[in-house]
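Participant: Here is what each chain is made of, one letter per residue.
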Amino acid sequence: MKDKLVDLDAAVDLVRSGDTLTFSGVSMVRKPMAFIAKLIQSGKKDFTIIDREPGMDFDILVAAGCVKCARAAMVGFELFGLAPNVRKAVQEGEIQFIEETCGAVVNGLRAGAMGLPFLPVKGIIGTDLVELHEKLGNWKIINDPFGGGEIVAVKAIVPDVAVIHVQKADRYGNASLEGSRFEDVYKAKAAKKLIITAEEMVPSDYFKENPERNTIPYCYTTAVVHVPEGAYPTACPNYYPPDYEEVLRYLKMCREGKVKEYIDEFIRRW
Amino acid sequence: MKDKLVDLDAAVDLVRSGDTLTFSGVSMVRKPMAFIAKLIQSGKKDFTIIDREPGMDFDILVAAGCVKCARAAMVGFELFGLAPNVRKAVQEGEIQFIEETCGAVVNGLRAGAMGLPFLPVKGIIGTDLVELHEKLGNWKIINDPFGGGEIVAVKAIVPDVAVIHVQKADRYGNASLEGSRFEDVYKAKAAKKLIITAEEMVPSDYFKENPERNTIPYCYTTAVVHVPEGAYPTACPNYYPPDYEEVLRYLKMCREGKVKEYIDEFIRRW
Amino acid sequence: MHPADVMIKVMASQIKDGEVFLHGLASPMPALAMFLAKLTHAPNMVYLAVAEGIDPDPEKFKLYPSSADPRHAAGCIGIGELAEAFDLAAKGKVDGMFLGGAQIDKHANINLTCIGSYNKPKVKLPGGAAAAYLSPIVKKLILWTTNHSKRTFVEKLDFKTGIGYEKGKDKKVVVISNMAVFEAEERGLRLISVHPGFSIDDVLSEMSFEPVVDGYTTTQPPSDEEMKIIQKLDPENVRYLEFKK
Amino acid sequence: MHPADVMIKVMASQIKDGEVFLHGLASPMPALAMFLAKLTHAPNMVYLAVAEGIDPDPEKFKLYPSSADPRHAAGCIGIGELAEAFDLAAKGKVDGMFLGGAQIDKHANINLTCIGSYNKPKVKLPGGAAAAYLSPIVKKLILWTTNHSKRTFVEKLDFKTGIGYEKGKDKKVVVISNMAVFEAEERGLRLISVHPGFSIDDVLSEMSFEPVVDGYTTTQPPSDEEMKIIQKLDPENVRYLEFKK
Chain S
1 MKDKLVDLDA AVDLVRSGDT LTFSGVSMVR KPMAFIAKLI QSGKKDFTII DREPGMDFDI
61 LVAAGCVKCA RAAMVGFELF GLAPNVRKAV QEGEIQFIEE TCGAVVNGLR AGAMGLPFLP
121 VKGIIGTDLV ELHEKLGNWK IINDPFGGGE IVAVKAIVPD VAVIHVQKAD RYGNASLEGS
181 RFEDVYKAKA AKKLIITAEE MVPSDYFKEN PERNTIPYCY TTAVVHVPEG AYPTACPNYY
241 PPDYEEVLRY LKMCREGKVK EYIDEFIRRW
Chain R
1 MKDKLVDLDA AVDLVRSGDT LTFSGVSMVR KPMAFIAKLI QSGKKDFTII DREPGMDFDI
61 LVAAGCVKCA RAAMVGFELF GLAPNVRKAV QEGEIQFIEE TCGAVVNGLR AGAMGLPFLP
121 VKGIIGTDLV ELHEKLGNWK IINDPFGGGE IVAVKAIVPD VAVIHVQKAD RYGNASLEGS
181 RFEDVYKAKA AKKLIITAEE MVPSDYFKEN PERNTIPYCY TTAVVHVPEG AYPTACPNYY
241 PPDYEEVLRY LKMCREGKVK EYIDEFIRRW
Chain D
1 MHPADVMIKV MASQIKDGEV FLHGLASPMP ALAMFLAKLT HAPNMVYLAV AEGIDPDPEK
61 FKLYPSSADP RHAAGCIGIG ELAEAFDLAA KGKVDGMFLG GAQIDKHANI NLTCIGSYNK
121 PKVKLPGGAA AAYLSPIVKK LILWTTNHSK RTFVEKLDFK TGIGYEKGKD KKVVVISNMA
181 VFEAEERGLR LISVHPGFSI DDVLSEMSFE PVVDGYTTTQ PPSDEEMKII QKLDPENVRY
241 LEFKK
Chain G
1 MHPADVMIKV MASQIKDGEV FLHGLASPMP ALAMFLAKLT HAPNMVYLAV AEGIDPDPEK
61 FKLYPSSADP RHAAGCIGIG ELAEAFDLAA KGKVDGMFLG GAQIDKHANI NLTCIGSYNK
121 PKVKLPGGAA AAYLSPIVKK LILWTTNHSK RTFVEKLDFK TGIGYEKGKD KKVVVISNMA
181 VFEAEERGLR LISVHPGFSI DDVLSEMSFE PVVDGYTTTQ PPSDEEMKII QKLDPENVRY
241 LEFKK
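Residue numbers (this note's numbering), protein chains in the order written: chain S, 1 to 270; chain R, 1 to 270; chain D, 1 to 245; chain G, 1 to 245.
Treat each hint with caution, since some may be false.
If you only want the chain R side, here are some residues facing chain D, beta carbon under 7 Å, derived [to be verified]: (1) 174; (2) 208; (3) 214.
Stretch-level coverage of chain D by chain S, calculated; a stretch enters the list once three of its residues show a Cβ under 8 Å from a Cβ in chain S [what the hints assert, rightly or not]: (4) 74-84; (5) 214-224.
Treat the hints as calculated values from the structure; they're not laboratory data. Heads up, the beta-carbon is just placed ideally off N, CA and C, and yes, glycines get one too.
Build out the structure end to end from the sequences listed, making use of the hints.
Facilitator: Here it is in C-alpha cells:
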C-alpha cells in the first residue's frame with residue numbers, strides 16, 4: 001500500500017475544469033464541504049455535477065459559477081425551501097439541469113461501480129422523464145430479453161472524480177463509512193478518481209482488527225485528506241449533526257444577495 | 001419484528017420437492033450442512049440447486065438422490081479431487097448439469113436481489129457456454145443500447161429458497177456475516193424464502209449497538225434456526241476451520257461405495 | 001387542531017401491520033405517521049427511511065428539519081441503504097411510499113419538477129426525488145400537499161414526474177391535503193373525507209378540477225393519546241414548518 | 001527441486017509492483033506466488049483471492065488445502081467480496097488471474113468443463129469457475145497445468161471454457177506447465193523456457209501440437225531466499241498435493 005495522504009490543495013489538483021463530479025452524502029449529511037470550498041477557490045469550472053439528492057454542495061458550487069450542468073433527482077434544503085442558486089441559474093438558463101429519479105441515479109452509479117455499460121431499472125415509464133433522458137442519451141427503453149416487456153436501461157454513470165467524506169481513513173486510503181452510506185460506496189467504485197476526505201485518521205490496524213469496517217478499500221482510492229469537520233455545516237454521523245443555524249444563515253445571505261460574501265467566508269474557513 | 005426462531009425440521013418444512021435452492025458459502029466454507037442433512041432426511045427431492053462454487057453440499061445432495069438439476073461454475077473438493085457423486089450422476093445422465101461461470105452466477109443473483117429481470121455481464125462471449133445457456137434461456141446476447149457492442153444478458157436468478165449459515169442471528173432473523181461473505185447477501189435477498197441457520201443466537205441489542213453488523217436484516221428472513229456447528233465439516237469463519245480429515249473421510253467412503261452409510265451417519269449427527 | 005396532525009393521522013391509518021413503508025427527504029409528516037402506526041396498530045411494520053436506519057427506536061427519536069439527519073436513525077436494528085429499499089420496491093416488497101406533489105391532476109399524477117416549461121421554467125422545483133421510479137411500482141402511494149389550492153390541484157401538469165392511478169394494477173393512490181383526503185379511481189380523484197374545520201365548499205373551490213363526490217365523511221383526527229405520541233416525537237413542532245413556506 | 005516451486009517462481013515473476021492479481025479455488029501455487037511477489041519485487045501488488053481477504057498478512061499465512069479456508073484471509077486489510085473482484089475485472093482493473101486448464105490448445109484456449117461431449121461426458125470436470133468470465137477481460141491470464149502431457153496440450157478442446165490468445169487485445173497469456181513456460185502468440189503457443197531437469201524433447205514429445213520454438217531459455221528457479229519464503233508460507237507442502245492426483 002502506498003501513502004496517499006495529501007492536503008486539500010493537492011487533492012483539488014486532481015480535478016480538471018470540465019470534469020464530471022459526484023459527492024458523498026445527501027441533503028445536509030456528509031457532503032464534502034471543505035473540499036468544495038477549496039475547489040471553488042481553485043477557480044476550476046464547467047463541471048457537470050451528478051448526485052441523487054444533493055443540497056448545499058450543489059447550490060454553493062452553482063452560486064460560485066463553477067457548474068455547467070447539474071444532474072440530480074432532487075436539489076434543495078428540504079423544509080428550508082428550494083436551493084436558491086440552483087433555482088435561479090436554471091430559471092435564467094445559466095446552467096443545464098437534468099432532472100433525475102433516484103432509482104435511475106442509483107442503478108447508473110451501480111453500473112459504473114460494476115463495470116457494466118448499463119443497468120436496467122424498473123418504474124419510470126409513463127413519466128415525462130423518459131423523453132428527456134432518451135434525448136440526452138442517458139436512458140433507453142429496451143425490451144427485456146427474457147420476455148418481461150419494456151424496461152428502462154440506464155447508461156453507466158462514470159464520474160471523473162468522486163469526493164467522499166468518511167468518518168475514518170488510514171493514510172493508504174482505506175476508509176470506513178459509519179451509519180448511513182447512501183450510494184457512496186457505488187460512487188467511490190464508479191469514479192475514475194476517488195478522493196477521500198476523512199474526519200479522523202486511523203492506523204491501518206483499525207481495519208486489520210476488523211476488516212468489515214473497511215467499506216472502501218485502498219485499491220479504489222487516489223488520494224486521502226485529513227479534514228476534521230470536513231462536512232460542516234452538513235452532518236458527519238457519529239461526529240456532528242447538521243448545523244441547521246448555519247444552513248439557515250447561508251440561505252438568508254443568499255436571499256439578501258450576499259452569497260459571494262458567504263462563499264469568501266466559506267473558503268477562508270479551510 | 002416477529003419471532004422467527006424455529007427448529008431445523010420446521011425450517012425444512014418451508015422447502016417443497018422441485019424447488020430451486022441455493023446455499024451459503026463456497027467449497028468447504030460456511031455451507032449449511034446441518035440443514036442439508038435434515039433436508040435429505042425429509043425425503044424431499046427433484047431439487048434444482050444453484051450456486052457459484054459449491055462442494056460437499058451439492059455432492060451429498062446428489063448422492064442422496066435429491067437433485068434433478070445442478071447449476072454451478074465449479075463443483076469439487078479442490079486439491080482433494082472431483083466431486084465423486086456429482087461426477088458419477090452427470091456421467092451416467094442421472095442429473096442435468098448446467099456449467100456456469102462465476103461472473104454470470106453472481107450477476108444473475110444480483111439481478112434477483114435487485115428485483116431486476118436481468119443484468120448484463122462482461123466476458124463469456126466466445127466460449128462454448130454461450131450456446132448452452134442461450135438454449136436453456138438463461139442468457140441472451142444483446143446489444144448494449146448505448147453502442148458498446150454485444151454483451152451477455154443474464155436472466156435473474158430467483159431461488160425458491162436460500163439457506164444461509166451465518167455466525168450470529170437474533171430470533172427475529174437479523175443476521176451477521178463475519179469475514180468472507182461470498183454472494184450470500186445477494187442470495188438472501190434474491191430468494192423467495194430465506195432460511196437463516198446461525199452458529200450463535202444473540203440478543204437484538206447486538207445489532208442495535210452496531211447496526212453495521214446487520215448484514216441481512218430481518219425483513220428478508222422467513223425463518224431462523226439455531227445450529228451450532230451447523231456448517232460442519234465445512235468452516236464457519238471465526239468459529240471453526242474446515243475439518244479436512246472429515247471431508248477426506250467422506251471422499252474415502254464415497255470411493256469405497258459407502259456413501260449411503262456416510263449419509264445415514266451425517267443425518268444422525270443432527 | 002393543526003392540519004399537520006390530522007394529515008399525520010390519515011397517513012398513519014394507511015399503514016397496516018407487517019407492511020413495509022418508506023419515506024424520503026423533506027418528509028416530517030410521513031416520518032411521524034410511520035412511528036404513530038408502529039406505536040399503535042402496526043407494531044410489525046418495517047420502517048425504511050432516507051436516514052437509512054431500519055426501524056429506528058421511537059424512544060430515541062426526535063424530529064429534525066432534515067429527514068436524512070443521522071439522529072433519525074438512532075436505535076435502528078440495521079442500516080438499510082436507500083438503494084436497498086429501491087430494490088425491495090423493484091421486487092414488489094415496498095407496500096407504501098409517501099410523496100409530495102407540487103401539482104396533482106385528477107388521476108393523481110404529480111409534478112415535482114418545474115412550473116412552466118422544463119427548458120425555461122418559471123419555477124425550478126426541488127425535483128421528483130424517487131417519484132418517477134417508485135410511483136409505478138409501490139402498492140400504496142400516499143401523496144400529500146400542504147397547499148390545497150387551484151395551483152396544486154391542476155387540470156394539466158406542467159411536467160409528469162410521477163404516476164398516480166393505473167388501471168388494473170394492484171395499487172392504491174391516496175391524496176392527503178391540508179383540507180381533505182382523496183383516493184384515485186378510474187373516474188378521477190374521489191373525495192373520501194374533509195378535515196375538521198373545513199367545508200366541502202372550501203375543498204371544491206380550491207381545486208381546478210372537480211373531484212368525484214358521492215358520499216364522504218369527516219376526517220378522523222388523532223385522539224388525545226395519538227397527539228401525545230406525535231408531540232413526544234416532535235416536541236419542537238418541526239412538522240408545522242412545512243406549512244409556513 | 002520440485003516443479004511446484006519452479007512454477008510458483010514463474011507465476012510470481014508475472015506480477016509487477018502495483019498490479020492487481022486474483023486467484024480462485026484450488027489455487028495453492030497462485031496463492032504462494034502472489035505472496036512471493038509481494039514479499040520480494042511487488043510490495044504494492046493488490047492481493048485479491050477467493051477467501052476474500054484483501055492483502056492477507058503473509059506473517060500470519062499458512063497454506064491449507066482449500067483456497068477459501070478462512071484462515072487464508074488472516075490479517076487482511078478489508079473484505080474483498082469476489083463479486084467485487086469481478087467488478088474490478090469488468091472495469092479492466094484486474095491485471096492478472098490464474099486459471100488451471102485440463103485441456104489447453106495452441107491458442108491457449110482452455111477446457112475445464114468435460115472430457116468427451118458436454119451432454120454425455122466421459123469425465124465431468126469440476127468446471128470452469130471464473131474462466132469464461134475472466135479470461136476475456138483480464139490483462140494477464142496465467143494458465144497452469146501440473147500434467148504436461150498430450151492429454152493436456154490437445155489439438156482440439158472438447159469444450160471451450162476459457163479464451164486464450166485474442167488478436168489485437170491488450171492481453172498476455174502465459175502457460176506454465178510442470179515442464180515449461182509458454183506464451184500465446186498469433187502463431188500459436190511459443191516456448192519461453194524449459195524447467196531445469198527437463199529437456200526440450202520431454203516438453204515437445206508430451207504435446208499433441210507443436211509449439212513455436214525459436215529460441216528459449218532455462219526457467220529461472222526460485223533462489224534459496226525465495227525457497228525459504230515459500231517454505232515458510234507452506235511448511236506442510238500442501239502445494240505438492242496437486243501433483244499427486
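Participant: Are any of the numbered hints broken by this structure? If so, which, sorted upward?
Facilitator: Going through the list in order, the structure violates hint 5 alone and respects the others.
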